[in-house]
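Listed below, chain by chain, are the residues.
Number of protein chains: 2
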Amino acid sequence: MKMLINVPETVVADGLRGLAAAHPDLNVDVDNRIVVRRDAPVAGKVGLVSGGGSGHEPLHGGFVGPGMLDAACPGEVFTSPVPDQMARAAAAVDSGAGVLFIIKNYTGDVLNFEMAAELAGDEGVQVTTVLVNDDVAVTDSLYTAGRRGTGGTLFVEKLAGAAAEEGAPLDRVAAIARQVNENSRSFGVALSACTTPAKGTPTFDLPPGELELGIGIHGEPGRERRAMMTSREIADAAVDAVVEDLRPDGPVLALVNGMGGTPLLELYGFNAEVHRALGERRVPVVRTLVGNYVTSLDMAGCSLTLCRVDDELLRLWDAPVRTPGLRWGC
Amino acid sequence: MKMLINVPETVVADGLRGLAAAHPDLNVDVDNRIVVRRDAPVAGKVGLVSGGGSGHEPLHGGFVGPGMLDAACPGEVFTSPVPDQMARAAAAVDSGAGVLFIIKNYTGDVLNFEMAAELAGDEGVQVTTVLVNDDVAVTDSLYTAGRRGTGGTLFVEKLAGAAAEEGAPLDRVAAIARQVNENSRSFGVALSACTTPAKGTPTFDLPPGELELGIGIHGEPGRERRAMMTSREIADAAVDAVVEDLRPDGPVLALVNGMGGTPLLELYGFNAEVHRALGERRVPVVRTLVGNYVTSLDMAGCSLTLCRVDDELLRLWDAPVRTPGLRWGC
Numbered sequence: 001m002k003m004l005i006n007v008p009e010t011v012v013a014d015g016l017r018g019l020a021a022a023h024p025d026l027n028v029d030v031d032n033r034i035v036v037r038r039d040a041p042v043a044g045k046v047g048l049v050s051g052g053g054s055g056h057e058p059l060h061g062g063f064v065g066p067g068m069l070d071a072a073c074p075g076e077v078f079t080s081p082v083p084d085q086m087a088r089a090a091a092a093v094d095s096g097a098g099v100l101f102i103i104k105n106y107t108g109d110v111l112n113f114e115m116a117a118e119l120a121g122d123e124g125v126q127v128t129t130v131l132v133n134d135d136v137a138v139t140d141s142l143y144t145a146g147r148r149g150t151g152g153t154l155f156v157e158k159l160a161g162a163a164a165e166e167g168a169p170l171d172r173v174a175a176i177a178r179q180v181n182e183n184s185r186s187f188g189v190a191l192s193a194c195t196t197p198a199k200g201t202p203t204f205d206l207p208p209g210e211l212e213l214g215i216g217i218h219g220e221p222g223r224e225r226r227a228m229m230t231s232r233e234i235a236d237a238a239v240d241a242v243v244e245d246l247r248p249d250g251p252v253l254a255l256v257n258g259m260g261g262t263p264l265l266e267l268y269g270f271n272a273e274v275h276r277a278l279g280e281r282r283v284p285v286v287r288t289l290v291g292n293y294v295t296s297l298d299m300a301g302c303s304l305t306l307c308r309v310d311d312e313l314l315r316l317w318d319a320p321v322r323t324p325g326l327r328w329g330c
Numbered sequence: 001m002k003m004l005i006n007v008p009e010t011v012v013a014d015g016l017r018g019l020a021a022a023h024p025d026l027n028v029d030v031d032n033r034i035v036v037r038r039d040a041p042v043a044g045k046v047g048l049v050s051g052g053g054s055g056h057e058p059l060h061g062g063f064v065g066p067g068m069l070d071a072a073c074p075g076e077v078f079t080s081p082v083p084d085q086m087a088r089a090a091a092a093v094d095s096g097a098g099v100l101f102i103i104k105n106y107t108g109d110v111l112n113f114e115m116a117a118e119l120a121g122d123e124g125v126q127v128t129t130v131l132v133n134d135d136v137a138v139t140d141s142l143y144t145a146g147r148r149g150t151g152g153t154l155f156v157e158k159l160a161g162a163a164a165e166e167g168a169p170l171d172r173v174a175a176i177a178r179q180v181n182e183n184s185r186s187f188g189v190a191l192s193a194c195t196t197p198a199k200g201t202p203t204f205d206l207p208p209g210e211l212e213l214g215i216g217i218h219g220e221p222g223r224e225r226r227a228m229m230t231s232r233e234i235a236d237a238a239v240d241a242v243v244e245d246l247r248p249d250g251p252v253l254a255l256v257n258g259m260g261g262t263p264l265l266e267l268y269g270f271n272a273e274v275h276r277a278l279g280e281r282r283v284p285v286v287r288t289l290v291g292n293y294v295t296s297l298d299m300a301g302c303s304l305t306l307c308r309v310d311d312e313l314l315r316l317w318d319a320p321v322r323t324p325g326l327r328w329g330c
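Respectively, the protein sequence lines represent chains A and B.
If you're matching positions, the first sequence starts at 1 in full-length UniProt numbering and goes up one per residue.
If you're matching positions, the second sequence starts at 1 in full-length UniProt numbering and goes up one per residue.
Calculated from the structure, these hints are not laboratory results.
One or more hints might be untrue.
Which copy is meant is left open, so a pair is good if it fits within one copy or across any two.
[As the list claims (entries may be wrong)] Pairs of lysine to aspartate or glutamate residues, derived as EDC-like cross-links and limited to a Cα-Cα distance of at most 20 Å, are as follows:
hint : residue 1 : residue 2
1    : K2        : D205
2    : K199      : D240
3    : K199      : D249
4    : K2        : D171
5    : K2        : D29
6    : K2        : E280
7    : K2        : D236
8    : K2        : D311
9    : K199      : E9
10   : K199      : D236
11   : K199      : E210
12   : K2        : E224
13   : K199      : E76
14   : K199      : D39
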């Protein structure tokens, strides 16, 4: 598999150098692998820190900035960052108002963020953690116990980020993050496997004419292999899986997310089918985001995330945000 | 090749339905294939219209909105839209201040936009046209005479769009568009071919271990096939090709563009090498955009566009824009 890289060993560092070159608003520590908003720590503001394996860009480094994360810790591709890195990020963004760790539910990430919370606590930083586990496809998987954290992470980071930007205290920001996670559900579909730079070949076999329903964002197995389906059929399957679990009784935000290798033209066509399917099920969609936001390197495919919102969460969604990956209102 | 579609025949219409569902700010006429900003025509404002074959999203439909295009006309995949469609778009956005057609240099697009300008003129709409031909790779190609229009189109649409939004008259908006085109140069590289829905198989053969330098955005042949190169080597080749032709003697805007199938992590790594290469050649980069903006369906690869700017063009770049694909300041 051909890649636009130098050598696999420098992919993450090269990406961070490029992020720094493009976004002077970010403070990128390439050696320690920490991306921090340049004005951190912001006086009186709760600091939001997330991170995880690289390969899901723009998540998380591309979501650092006013109105979203204060810092991100990228690990190697599909590999958890380390506790020292996270503790250093916490120290960099703590204004004294405390820090929230937003953790996608993968065993390595959870262990390392918990250790980092202890390390930061020893240094006098008050840390609260929130787990994101929105993926309804499977319980327990290759890299985790329980449900995986996927597209819902974007909603948690945006909505908790908006609350923190407005000056909400740590317990309130954490409560919003948990509320968002509890009200978010995702389901992903792969049309192709992804290829990590280190391996150089697809991480799993997906024969021509087949797709995998319920895929994770690292190529972990999903619910089932099926003969190739139309966009309409895939939308019905994804909407059914999410709606049956979430049981929305009011407005939702929708994230129609590309896995990295699917053209935007196809994602918009899929969005049309998602809106049709949600309309048939009487689920009102109040905001929709279409694009590559929580990716899996070059995997072809998509995921759907819905987040139930009340007036307050909708207001936080519309609040200004200024990051490389998500930007409006400023 | 597996695709997230229903049938090839409805790919463009499905995409437009999905665009409409996600972006209530746009008025999407699916039957006539016209995307218009909802508040058009804006009193006293010059209308900007572009268009071209689909498959390059977010170009052009994703660049419709305040500060950029007033309307876009998508054709079938890699196929020019038709004159009626363009004339209808012109009528929809004309406030009496006239309309600028921004045309990428492909023979079909040029012929059809010229015919549309006559049709619109017959209906009393004053139309001026500007051609974008920024690709330095080849002169004359599969679909055009002269140089192709590629990534520079984004700069033309953004900067002329900002001028129009500020109330500049038609001759001034057209002059800025021409100035931007004259000061923009692009060079693209393919690591894989793209696959159109209608054909279902890659549009050309690119053997394992080879890349193509100077590729177009429809898989047209480039300058040469070479054994696979590193990101550093590709950046040097692209920067040399662009800089030798543009000969910048001051600040530039840089677009580090993905062709659709290359992960953002790799694009950022490539951006690091582009900045290194430009630094070595003493070219100061004042703004950088990294991502999938002028794509070629699922093609893996990238392009580099540089645009020489003076203080006025830089100010227009920073001016507010609010479109699905490009958004800041509002």
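Do the hints match the structure? See the list:
1. For the homomeric pair K2 and D205, the shortest alpha-carbon distances inside one copy (18 Å) and between copies (14 Å) are both at most 20 Å.
2. In this homomeric assembly, K199 and D240 never come within 20 Å of each other (Cα to Cα): the closest approach is 35 Å inside a single copy and 32 Å across copies.
3. In this assembly of identical chains, K199 and D249 lie within 20 Å of each other by CA distance neither inside one copy nor across copies; the values are 44 Å within and 43 Å between.
4. In this assembly of identical chains, the alpha carbons of K2 and D171 never lie at most 20 Å apart, being 47 Å within a copy and 46 Å across copies at closest.
5. For a Cα distance limit of 20 Å, the shortest separation of K2 from D29 qualifies neither inside one copy, at 28 Å, nor across copies, at 40 Å.
6. Taking the shortest Cα distances, K2 and E280 never come within 20 Å of each other, neither inside one copy (42 Å) nor across copies (27 Å).
7. Taking identical chains as interchangeable, the C-alpha atoms of K2 and D236 lie at most 20 Å apart only when they sit on different chains, with a minimum of 18 Å there against 34 Å within one chain.
8. Taking the shortest alpha-carbon separations for K2 and D311, neither the intra-copy value of 47 Å nor the inter-copy value of 40 Å comes in at or below 20 Å.
9. In this assembly of identical chains, the alpha carbons of K199 and E9 lie at most 20 Å apart only when taken from the same copy (11 Å versus 37 Å across copies).
10. With identical chains, the CA atoms of K199 and D236 are never at most 20 Å apart, being 34 Å at best within one copy and 26 Å at best between copies.
11. For the homomeric pair K199 and E210, the shortest alpha-carbon distance between copies (19 Å) is at most 20 Å, but the shortest distance inside one copy (23 Å) is not.
12. Taking CA atoms no more than 20 Å apart as the test, K2 paired with E224 passes between copies only; the shortest distance there is 17 Å, against 29 Å inside one copy.
13. In this assembly of identical chains, K199 and E76 lie within 20 Å of each other by CA distance solely inside one copy; the values are 13 Å within and 38 Å between copies.
14. Proximity of K199 and D39 under a CA criterion of 20 Å is satisfied in neither setting, with 38 Å inside one chain copy and 51 Å between copies.
Consistency note: the structure conflicts with the earlier hints numbered 2, 3, 4, 5, 6, 8, 10, 14.
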